[in-house]
Amino acid sequence: MKPSDYPILDLIPQRPPVVMIDQLTHADEKSAKGRLFIQESNVFSDNGYLQETGLIEFIAQTAAAYKGYLQLSAQQEVKLGFIGVIKNLVIYSLPAINTEVQSEIIFENELLGYTIITGKVLQNNSVIAEGEMRILMETPNINQ
Numbered sequence: 001m002k003p004s005d006y007p008i009l010d011l012i013p014q015r016p017p018v019v020m021i022d023q024l025t026h027a028d029e030k031s032a033k034g035r036l037f038i039q040e041s042n043v044f045s046d047n048g049y050l051q052e053t054g055l056i057e058f059i060a061q062t063a064a065a066y067k068g069y070l071q072l073s074a075q076q077e078v079k080l081g082f083i084g085v086i087k088n089l090v091i092y093s094l095p096a097i098n099t100e101v102q103s104e105i106i107f108e109n110e111l112l113g114y115t116i117i118t119g120k121v122l123q124n125n126s127v128i129a130e131g132e133m134r135i136l137m138e139t140p141n142i143n144q
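Mapping of the sequence shown onto our numbering: position 14 corresponds to residue 14, and the numbering continues sequentially without gaps.
Be careful, since some hints might not be right.
[What the hints assert, rightly or not] Simulated pairs of lysine-lysine, DSSO-like, Cα-Cα distance not exceeding 30 Å:
(1) Lys2 with Lys120
(2) Lys87 with Lys33
(3) Lys2 with Lys79
(4) Lys30 with Lys120
(5) Lys79 with Lys33
(6) Lys87 with Lys120
(7) Lys30 with Lys87
[Stated by the list, open to error] If you anchor each label on the Cβ, the simulated ranges turn out as follows:
(8) Ser4 with Glu77: 19 to 29 Å
(9) Leu112 with Phe37: 13 to 23 Å
(10) His26 with Leu111: 20 to 30 Å
(11) Ser41 with Leu112: 32 to 42 Å
(12) Phe37 with Leu111: 32 to 42 Å
(13) Glu40 with Ala74: 35 to 45 Å
(14) Asn124 with Lys30: 22 to 32 Å
It should be emphasised that the hints constitute simulated quantities derived from the structure, not laboratory data. Note that this is a predicted model, so its numbers are computed, not measured. The C-beta atom is built at its ideal place from N, Cα and C for all residues, glycine as well.
Make a model of the complete structure from these sequences and hints.
Structure follows, in structure tokens:
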């Protein structure tokens with residue numbers, strides 16, 4: 001199945017009202033893309049714009065959806081991930097409500113239990129946010 005064939009809630013552990021990705025539109029060996037239509041009811045919208053926290057969460061949930069897609073494709077359970085570090089984050093502009101944004105992430109490396117990604121948010125083919133994240137993936141409980 002293609003990434004866009006999966007309902008987004010099957011790919012990510014987040015649940016409303018904190019779902020910040022509508023669809024995973026592309027996935028390959030090292031990268032993924034997603035899209036989000038920004039609604040006024042979005043928990044990270046304020047004064048007519050998606051705020052910085054929403055942009056950060058959109059990048060993180062694109063990574064989560066990508067990992068979820070890989071896990072479901074391998075017939076594994078979708079695991080939780082936690083943002084551990086955000087580096088070199090630059091927000092160029094905030095997108096208005098009732099508009100769409102796209103995300104692009106690249107999986108750079110896995111190191112000491114962290115998945116390292118670079119990500120960006122685009123609107124009308126212009127980068128509006130970009131940065132690096134280190135995401136810690138949930139590990140199985142060995143005591144069970």
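Outcome of the hint check:
no. : hint                          : verdict
1   : Lys2 with Lys120              : holds (22 Å)
2   : Lys87 with Lys33              : holds (20 Å)
3   : Lys2 with Lys79               : holds (20 Å)
4   : Lys30 with Lys120             : holds (15 Å)
5   : Lys79 with Lys33              : holds (19 Å)
6   : Lys87 with Lys120             : holds (13 Å)
7   : Lys30 with Lys87              : holds (20 Å)
8   : Ser4 with Glu77: 19 to 29 Å   : holds (21 Å)
9   : Leu112 with Phe37: 13 to 23 Å : violated (36 Å)
10  : His26 with Leu111: 20 to 30 Å : holds (25 Å)
11  : Ser41 with Leu112: 32 to 42 Å : holds (38 Å)
12  : Phe37 with Leu111: 32 to 42 Å : holds (34 Å)
13  : Glu40 with Ala74: 35 to 45 Å  : holds (38 Å)
14  : Asn124 with Lys30: 22 to 32 Å : holds (25 Å)
Hint check: a violation occurs at hint 9 only; the rest are consistent with the structure.
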